[in-house]
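J.: As a plain string of letters, each chain reads:
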Amino acid sequence: MNEQKPKLKLAIYWAAACGGCCVSVLDVHEKLFDVVAAADLVFWPIALDFKYKDVEEMPDGHIDVTLFNGAIRNSENEYMAKLLRKKTKILVAYGSCSHLGGIPGLANFFTGEEIFKRVYEESESTINPEKIRPQHKYEVPEGTLEIPVFFNDVRPLNKVVDVDYYLPGCPPQTERLLEVFLAIVTGAELPPKGSVVGAGTKAQCDECTRKKTENKLIRKFYRPWEINDDGESCFMEQGVLCMGPATRSGCGYRCIKGNAPCRGCYGPTADVTDPGTKMMSAIASIIDTKEPDELEKIISDVVDPAGTFYRFSLPSAIIRRKLL
Amino acid sequence: MKFKPQIIAFLCNWCSYTGADLAGTARLKYKPNVRAIRVMCSGRIDPTFVLRAFRRGADGVLLCGCHPGDCHYQEGNYRCMRRYHLLQKYIQQMGIETERLKLEWISASEGKQYAELIDSFTETITELGPCKIKETMENLT
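Line order of the protein sequences matches chains A and B.
When we follow the numbering used here, the leftmost residue of the first sequence carries the number 51, and every step to the right adds one.
When we follow the numbering used here, the leftmost residue of the second sequence carries the number 5, and every step to the right adds one.
With the rest of the complex left out, here is chain B (with noise of 0.2 angstroms):
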């Protein structure tokens, strides 16, 4: 059977949700693997919700917040930055692929960058194949 990735996107609510909403009235066809979770500002996205969603089976964890200087709540998309990229280093040294976790900008108008964004995050994580953590995780003594 074909793998078919399963990508957890964190996006926040005033650019990158209403971006990847624009993708989706302006008909614009993308790949239907990302499983989307509207938050209110990239600074939410607490490193917290991103080993869960690797540790409960995502393959491929994608942040998204307003572009540097657009956020909403002024400085919320730094911190997201800070923390992913703490985060990069933290997988790593557990041994997950940092192709795993992608932080990308996108504006409230880039309905179509996101769906590029989509289509070239799944055929990155597609490429690398199923995430073992929660296999082993749950398997090994």
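Extracted from the complex, chain A is given alone in its bound form (with noise of 0.2 angstroms):
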């Protein structure tokens, strides 16, 4: 008879996020019998019919691994968050939302109440005169209804539970996730706790191809749609603003190679905490000027400083939020 080494239990889940983690996980292709021989999944919402009260029910650390996918918007979120951080060995935050934030960070510029006017409200294509918003209970004659309660601030995972690996990416790189899954299943050692794995540690400049001059310095900044990009030079050296230099590497730089300048889904690199003051500064040493005013012009072109340099980080810069 043969003996067979007890499969890997893996879960998958999302919370604040678009779902593309997910799919990403599907993007293995075939490579998913090679997943699925190794381990059973048992848990995950976008494919698999199982509910939370088969999680509830499941032993404490019953799941080997999961790959927790979405920021922390609401309390459903939260609640899930901590109840897998129960039943999981290892919990991985998995891509952009859960690792730093991400796209639905970005909410952080507002408060929850100014999103519900907006949304339910002032929208164009809202038609509500009696203005009525959805209410965390409500009275029915069958009982009452609940929702999750929205929260004012998006946080990342590990602002809520204990994270063991952060998988970075928006989402991750389907070929990283395999690595990072057949270093799990043949046993091969883990790195430290709280690790970003599945990525690289310096920037993607450093892996970048496009040419850099040195010193090339630029006396007005482009949106990428303004200008006849070369398709060779370095983009910041063009002018039009790149992420590069302070989103971690690992992804390939993708965007770059499809000639579209890197948005920083990545998030940092290893030694940087803040990808938005490490950006400020890479292009304060560019900019060719030593007058106030013409600075002052040059900088106006730089349109949105704290949604380009916080893109996919908001919740996890040092000023979180904006300011009520």
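Hints listed in this document are in silico derivations from the structure and should not be mistaken for laboratory results.
Beta carbons are placed, not taken as given, at the ideal position from N, Cα and C, and that holds for glycine.
Just so you know, not all the hints are guaranteed correct.
As the list claims (entries may be wrong) - One-sided and incomplete, this derived list gives chain A residues near chain B with beta-carbon spacing under 10 angstroms:
{"no.": "1", "residue": "Asp324"}
{"no.": "2", "residue": "Met329"}
{"no.": "3", "residue": "Ser335"}
{"no.": "4", "residue": "Ser350"}
Grab the two chains, each in its own frame, and use the hints to assemble them into the complex.
T.: Here it is, written out as structure tokens:
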């Protein structure tokens, strides 16, 4: 009789996410059979019909690995984060949203009240004269209905529970996921807790093959559509903001290969805490002027510094939200 | 209780810190609300320092360097100036009053100007009142 190694128990959950991370898991294509050969998927809302109740009934530490994608936006996200932490041996923050806050994190430019007002009262396609808003609890003849509480702040996973590993990206490169997964399956030695896995430690610029000139300075910033990219030289040197200098390598600079500047989804490099301040320094070193007035004019072309520098990382930034 | 602002000043070693020193040796009186941090050059002031200062409860942040053209390292103060303009734009977006961050050039001989700068900046910040970043970050959920 063949003695079988017990299969890994794998769970994938989405909180405040777009679903792209779950799809990136499916992008392993036929390698999915290797994954399924080595692991049982015990919980995966996008693909499998398991209920929260099933997870609640599992013994603690039952799941070996959980890939948690999505930020913590409401009380349901928070509840699931805490529940899965309890049931999981290795909890991986998978993708930009759970790693740093991601695109949903841009909601930190507003409060919950402002968002509700916009969505349920002011938006152009809304007709809501009675100003009806979703209530946390609502009484109906059949009993009380409850929906999750909407928080003011969006938080990354590690602000809510203890996280073992981070796998960055929007979405993470599927190849990197496979590498990490195979490392776990084969029992290779895992990196220390809290590591960012499936990514490099240096900046995108370190890998990027676009041509860089020594000390090239610029006098104007362009939005990507305002300029004809020559397809060869560094975006920053052409005056197009590229988050490469402040962004961790590991994705294989795919956006830049596709002639689009880096947007920073892999988060800051290993020794940087805040990608935005790094980017401000990087920009400050390439502007070619010493005159305050001219400088003001050049910088006015950087239309939305907060949104550009912290597109994927606002909730993990030093100043993680707009002041009230 | 009267509001006593806490101000962090980053002073470059070669001009501004020496200027502040001169204010002291000349026994000039100025407001006691500033905590001075000496850096080798205003170009060393990483925007992280500024944001951290605000995050940890500073009500105002002052950046001081050598006058344009006088930088001990040729270009550091220009870098500081460019970062300052970016920071101004950024903190405004984050809802922080731009008056809370100030850049001034103080040379080694300008002790008097330094004292006046501290007085006027303290005045500005006192009028603005406490900066709410720390409180917001810690209390809002």
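J.: For a quick check of understanding: which of the numbered hints are violated here, in increasing order?
T.: Violated: none.
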